[in-house]
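Generate the whole structure from the sequences, applying the supplied hints.
So the chains spell out like this:
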Amino acid sequence: MSEFALKTALPAYLREQQNRIQKLAVEAGLDVFPTVFEILTYDQMNEIAAYGGFPNRYPHWRFGMEYERLAKSYEYGLSKIYEMVINNNPSYAYLLEGNSLVDQKLVMAHVYGHVDFFKHNYCFRQTDLDTGGRTVDPVRKPSSYDPNRRWIDKMANHGSRIRRIVGRQGINKVEEFIDHCLSLENLIDLHSAFSGRRPKRPLDDEEPKVTEIPRLRAKEYMESFINPAEFLEKQKKKMEAERDKTSKFPEHPERDVLLFLLEHAPLERWEHDVLEVIREEAYYFAPQWQTKIMNEGWATYWHSRLMTEKILDASEIIDYADHAAGVLATSNGRLNPYKLGVELLRHIEERWDRGQFGKEWEDCDDLEAKKNWNLRLGLGKKKIFEVRALYNDVTFIDEFLTPDFVREQKLFSFGWSNRNERYEIETREFKAVKEKLLFQLTNGGNPFIYVEDANHDNRGELLLRHDHQGQDLRQDYAKEVMRSLNRMWKRPINVTTIAEGKPVMLRYDGKEQTTRHLRA
Amino acid sequence: MSLKIDQDHSRFRGIVRGKIRQNLRKYVSQGELIGRKGKDLVSIPIPQIDIPHFSFGDKQRGGAGQGDGDPGDPMGGGQDGDEPGDGKKAGSSPGEHALEVDVTLDELAAILGEELELPDIRDKGKSKIINAKDRYTSIRRVGPESLRNFKRTYREALKRQISTGTYSPDNPVVVPIPSDKRYRSWKTEAEPVANAVIIYMMDVSGSMGDEQKEIVRIESFWIDAWLQKQYKGLESRYIIHDAVAREVDRETFFHTRESGGTMISSAYKLCAQLIDDHYPPEEWNIYPFHFSDGDNWSMDDTLLCVEILKNKILPRVNMFAYGQVESPYGSGQFVKDVREHFGRDGRVVTSEIRDKDAIIGSIKEFLGKGN
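Protein sequences, first through last, are from chains A and B. In terms of the numbering used here, the first sequence has 202 at position 202, counting the first letter as 1, and numbering is strictly consecutive. Each position in the second sequence, counted from 1, maps to that position plus 520 in the numbering used here.
The set of hints was computed from the structure by calculation and includes no laboratory data. Bear in mind that the values here come from a model prediction, so they are computed numbers and not experimental data. Misleading hints may appear alongside valid ones.
[Said to hold, decoys possible] Below, simulated EDC-like cross-link-like pairs (lysine to aspartate or glutamate); rule was C-alpha separation at most 16 Å, straight line:
#  : chain 1 : residue 1 : chain 2 : residue 2
1  : B       : Lys679    : A       : Asp313
2  : A       : Lys381    : A       : Glu27
3  : B       : Lys671    : A       : Asp319
4  : A       : Lys479    : B       : Asp570
5  : A       : Lys371    : A       : Asp353
6  : A       : Lys410    : B       : Asp588
7  : B       : Lys671    : A       : Asp322
8  : B       : Lys679    : A       : Asp322
9  : A       : Lys72     : B       : Asp526
10 : A       : Lys410    : B       : Asp590
11 : A       : Lys410    : B       : Asp593
Shown next, in the form of structure tokens:
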């Protein structure tokens, strides 16, 4: 795999630490993939981080951009990357050369938290390569769960596939096409892996049947009374509408826009290949942003427990505390996923240890009783292990965020103030905070976009629908994305959405962008 | 070491230089970079190119945050970037094209140098003046109380208390004893001082409008920044002229609007005079910069300018730079005259600055020689 592999193996003293920490992690209940640690210099680290954790990716300028950002941030002393871990089986994790031993130990403990999460959280099941991307029952696992997640190889294969295309088509042409694909990379269906097999497309070659209008049996002279003409007419219209509906394509609105384009857009062979690569990688990275808060929270929870209970000796405590505080710091009122995640997990653990859940707890409105509520159930540990397997960030927040927690953690919601032209704190009220938080997380903060009709206006135009849930699309970006869609579909692109309270249809016909108001 | 990322990185740089020129241009022309922060900190944007996605518009956005504050209080800074859910997707935070980094002016000049591929300047001064300077760089165990490093002292005390078992988390009182104390300590470094002076000359006759002056102002800021990096203790002198020349302070230089005719020779005379009086060429690196719209009063005066340049100024300076700002009124003849007489003289650099976009190119023309 990595070409550094030989030069980057851990030195003996770190290897010892790794064995020790892995043993402690497993004793504590974590169940991990085999994990390979490598040690990198900072520019190797920046390079791999720029590539999203993989030593070999396809060529693209945005990796260079990311590298520059990381390298400059490092050079100006703004930030450095301590650790990186890849969801792969075996998992790979990178340590930064020259970090102190305390840091390296902290990173290792943190990494084992992540690896356990990769292995057990249901979202990551969609990165199993041996299921063909379809996991119908994400919860149940065979007892010897050892999936194929050789993504390092896969990404490297993607790299050479695209390099080969570049060899034939030229870098500018391919890179430009990749840019278009990347504009669409968030148009995927996060649940597709778990939704079972997609229904097959109905065959087009069937002749539309002449529809017989059902009529009640009646004697001839009663006919016009029992089956009045206008009623028959109405029935006929209804059935035709029904038939039109089924002949619509796609039959149901399609959320996996990328898949739809792959299957139906008039792409050249190489374009098809590139788009397929982008789509597969988009699905690989999706679980990481679906579970950012939980994943970081879980890893932080475990590094903090393992470090303070088992690993550290007295001389290291202060350095550890210093760095742990840095990881958990919030600044400028922004949410820190590490902090939010770990605090919420601890909150859950405490609640289940003390039995603060269930109907009795919910129904109790005696403040004093609630405060001292302790059934000594000790179910906390079991509960958080369950949570780490069965939830994603949205369901995690939805189910476990409590008013107490919001108050203790000083959470608030903020919004744009037109009057003062700035973002302002709006409220600390539980419902509002939770709503904002969920909105921010739902669908990874992306708008819901569906392919509605591939033969819009009977002219082969593509019609997409933005399912408006309170926030408008960013117009200039939407226009750019429509150009990219047009590049793939070759026919005009239409998007229905709502702008400033009015339903509109955005259109790009290959030359011109127009916005038309629709009647509500 | 060669990295795989180099190829992608150089493509990105290529895009930034070509396609995203507007970005660079934008911040130069709006003078964002001149907006200093603190004493001598400047924020420089790291170029970022955003890949457009279907995403939400800015104004209705909002989110959840954490921290102190009452409803109605402003959020610190922008809110993009750090949201959970952004995950590992590179550059997915909307609305932010440039990442701001605070750097010192010195670093900024270095970046400018790198960006424009400017060569380091050859020092011409012979006599080196050595300056002693104290730098606080290390820590020691003894020292005056005024230099005590509180944080280090505290940490030592905490370490000692923990290791001797006298620290109690319930009553976390940490009392330093003398051996815990740490003090900042300095080293004296000898620092050679090179002497350099920039003499700015600007035509302020009626034909130089506000826009022309803005160009001169931005361009001199960058030149200043670069030369400042090359020489500690750079001096600047300012001369304005119409038909007569006079020396002014920086403020006046950039804000005066005069009217009347143009006699460039008057400025060159004054410049030669300044050098005579204050800056012996064997000790000083001298950089005269002259900006004008190129509309001199008469051919005779132009010949006089050439005369002064040739005999009095050029022999003593590192480089003479003439920048001609395009103006709707001037004939722009002067730059042609200068080129005709000094076209092959390496010490004379000329540049025509058509508009704000041309500033970058012009700086490169001026400073690209490394004289």
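Contradicted hints - numbers only: none
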